Amino acid sequence: MTVEKDECIELFQQVGLSEQKAKETLKNAQVSKNLKLAITEARKYVDITPEIGILLYHLSSKIKAQIVDKISFLSKFIAEKKLDTVQRLDAALSYILSNLHEEINISAFEEACGIGIVILPEQIEEEVEKLINIHKEEILEKRYRFNPGPLMQQVRNILKWADGKAIKNEFDIQILNLLGPKLNSDLESVPKQTQQNKVKKAGKEEQQKNTSLTNESTSALTITELMKTKVHFHKPGENYKTEGYVVTPNTHKLLQEHLKITDGKVRTRFPPEPNGILHIGHAKAININFGYAAVHDGLCYLRYDDTNPEKEEEKFFTGIRDMVEWLGYKPAKITHSSDYFMQLYNWAVKLIKKGFAYVCHQSNKDIRGFNPPPSPWRDRPIEENLQLFEDMKDGLFEEGEATLRMKVTLEEGKQDPVAYRIKYLPHHRTGDQWCIYPTYDFTHCLCDSIENITHSLCTKEFQSRRSSYYWLCNALDIYCPVQWEYGRLNVNYTVVSKRKIAKLIEEGIVCDWDDPRLFTLTALRRRGFPAEAINNFCAQMGITGAQAVIDPAILEASVRDILNITAVRHMVVLDPIKVTINNFPHSQVLKLSVPNFPNAPERGHHEITFDKVLYIEASDFREIDEKSFRRLTPKQSVGLKYAGVVLTVESIEKNDSGNITNIIVKQEPVSETNKPKAFIHWVSQPTLTSIRLYERLFKHKNPEDPNEVPNGFLSDINSNSKKEIVGYLDANLANAVKPFDKFQFERVGFFSVDPDTKHGKLVFNRTVTLKEDSGKV
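Under the working numbering, the letters of the sequence shown match residues 28 to 804, in that order.
Worth flagging that the hints you see were computed from the coordinates, not collected in a lab. Keep in mind that this is a model prediction, so the values were computed, not measured. A couple of the hints might just be wrong.
Said to hold, decoys possible - Capping the alpha-carbon separation at 27 Å, the derived lysine-lysine pairs in BS3-like fashion look like this:
hint, residue 1, residue 2
1, Lys268, Lys280
2, Lys63, Lys91
3, Lys97, Lys50
4, Lys50, Lys262
5, Lys728, Lys639
6, Lys338, Lys380
7, Lys639, Lys726
8, Lys60, Lys50
Said to hold, decoys possible - Beta-carbon label-pair distances, calculated as ranges:
hint, residue 1, residue 2, range
9, Pro733, Ser620, 43 to 49 Å
10, Thr636, Gly535, 37 to 43 Å
11, Pro399, Gly535, 56 to 62 Å
12, Lys338, Ile288, 45 to 51 Å
We treat Cβ as the ideally placed atom computed from N, Cα and C, and that holds for glycine.
Turn these sequences into a full structure, and let the hints guide you.
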């Protein structure tokens with residue numbers, strides 16, 4: 028085996044690959060096989076030079092599985108130097124893919140590849156000179172720091188078959204003629220700080236690399252940026268260019284019909300099951316599906332996958348739509364899998380007639396798990412299957428007594444998935460019309476086809492269903508979309524399973540699906556997470572094939588980024604201690620104007636009350652002086668924010684238990700000679716409010732992992748995950764709030780008005796603290 032490897036490495040080096048590149052190539056069995064064949068074929072016509080070798084390598088690594096039989100044909104054209112550039116070779120691959128089931132028309136092929144077209148040096152010189160003149164001022168300003176790359180691409184677009192090296196050489200010559208030799212300033216290194224930033228950025232990107240759908244770092248600040256610059260799916264109608272896509276003799280005809288219907292636009296769908304509330308993982312799916320369609324001027328449907336009447340409730344339909352719209356997306360159309368029940372049934376009958384489906388009487392237990400015994404009814408006659416399937420539809424079998432199964436082996440080896448099962452339950456939309464309901468494996472791809480979806484985007488666990496997805500569409504000879512998979516988004520310290528959340532509700536551990544300690548979208552909204560923060564968080568996660576398990580602190584950081592610039596600041600005291608100003612100089616209370624955003628006073632003001640009696644945080648006072656403590660003590664004064672006064676302790680009042688009931692102080696104006704070490708927040712003439720403080724619901728990162736939590740997730744509950752206290756806030760704030768309003772309580776945290784606020788009862792939820800609590804991470 029080692030001798031064979033050494034021979035391959037030597038062979039690859041002979042045609043121009045470096046030793047390192049040859050070793051890397053050998054790790055990919057398919058590319059190695061392709062390259063060996065290409066070299067063998069090319070050597071029939073010519074001795075292979077490094078220039079030819081590089082093109083043979085490009086051919087071997089870029090050719091799709093469905094046209095791999097054309098390696099010999101293309102190698103001959105490379106050897107004869109007809110396909111003499113990467114551009115021509117890529118055009119050749121594209122042409123063959125587009126005419127997969129037709130005999131190659133040599134004349135049309137050569138025209139599509141630009142064979143025989145010669146781009147003269149004078150043409151390149153002329154185009155480069157035009158662009159140099161357009162950007163002359165910028166080049167003179169930036170000199171050799173100017174990046175000519177985009178201009179080179181423009182020349183390539185104009186002179187499609189021009190040699191890339193010739194274009195680059197012409198740019199080098201003309202820039203040298205314009206600027207002259209490099210000066211010392213041109214040779215100076217990039218400033219040290221910039222280099223450090225680049226190193227940090229590169230390090231961060233390296234940490235973020237996973238198996239990416241885009242083969243590049245996928246970090247982006249917004250969904251728009253992610254979808255525009257980082258994600259490169261196939262173009263509508265070019266399904267056949269996607270790796271693994273199955274092409275049939277009718278594929279191109281179906282694609283042309285599909286393009287007429289869609290007008291060549293991107294069309295995606297978000298297909299949730301209406302049997303629970305959406306969670307943070309669904310937010311990623313919503314952003315990917317709606318976001319990709321949006322940046323390509325396409326459409327995204329909201330399709331309810333309502334094929335299981337057992338668990339579907341109206342509140343889930345409403346909740347799903349509300350969450351999609353809350354995240355800022357409007358479905359182009361709202362559809363249901365049940366819209367297509369009759370069409371799906373007719374296709375099931377067609378599948379049986381073609382010998383691709385059969386009625387089976389094995390129980391669910393019999394076919395569960397990996398490699399179950401084959402069905403003894405797999406080869407029953409077609410007519411018998413048709414009659415039995417009709418009997419299923421007409422209610423002549425008990426539940427579980429019969430299923431319709433498809434004759435196909437999935438990628439992971441599972442055989443014959445179920446297409447229809449019997450359920451004697453009314454459906455919320457079709458009533459008692461049906462007692463057989465299609466499964467996900469049967470429904471999903473067919474609904475995508477009916478709706479002419481261009482990109483079927485789903486999480487990685489559905490990769491094993493891709494083979495049945497393509498097989499079923501092709502077996503029925505209907506348009507087949509492309510399925511793309513991406514990694515799921517999971518968050519530590521929580522559970523998102525609908526069954527487990529239902530158990531938490533049933534046990535009284537959380538109040539409902541929107542309990543702010545959960546990571547359902549309704550819970551995050553109730554807690555005060557802005558939709559924009561969730562969208563940005565999803566963008567920062569990128570789109571990779573790897574499953575992401577994220578610490579909640581990362582999501583909370585995105586929340587702070589948004590609330591820092593959107594949440595109006597107010598002073599609220601959560602642990603009050605009474606303070607009386609002994610020498611308060613005013614006969615009436617004062618009304619002070621306070622900026623909504625202290626660092627941006629132009630964004631408006633609100634009014635607060637300043638009176639003789641006020642309340643401060645208990646933590647802002649200590650009876651015993653400490654060197655590091657900068658706030659109020661019997662020997663140390665402190666300033667009041669926005670009031671322009673300094674307080675000094677005169678005496679302390681306590682009750683019989685020794686608890687402080689009142690601090691008597693005197694006030695003096697802040698001045699150059701009377702500057703306190705710190706300013707604290709306060710409230711006067713307060714309104715009382717209920718404040719709910721939330722921590723993580725579970726104590727361990729993965730409460731579902733038996734290694735971490737042997738007794739199950741219910742045994743891992745953090746008993747301190749919710750604490751309700753009474754807060755003191757200014758009456759002006761209390762009179763002007765409504766549910767979901769968001770505020771920053773100065774020096775305390777970010778808070779949101781809970782929907783429980785009504786009939787004079789005011790309730791706030793703590794969204795996040797002002798800074799990340801390092802003890803949580």
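What are the numbers of the hints that this structure violates, sorted from low to high?
The structure breaks hints 4, 5, 6, 7, 9, 11 and 12; every other hint is satisfied.
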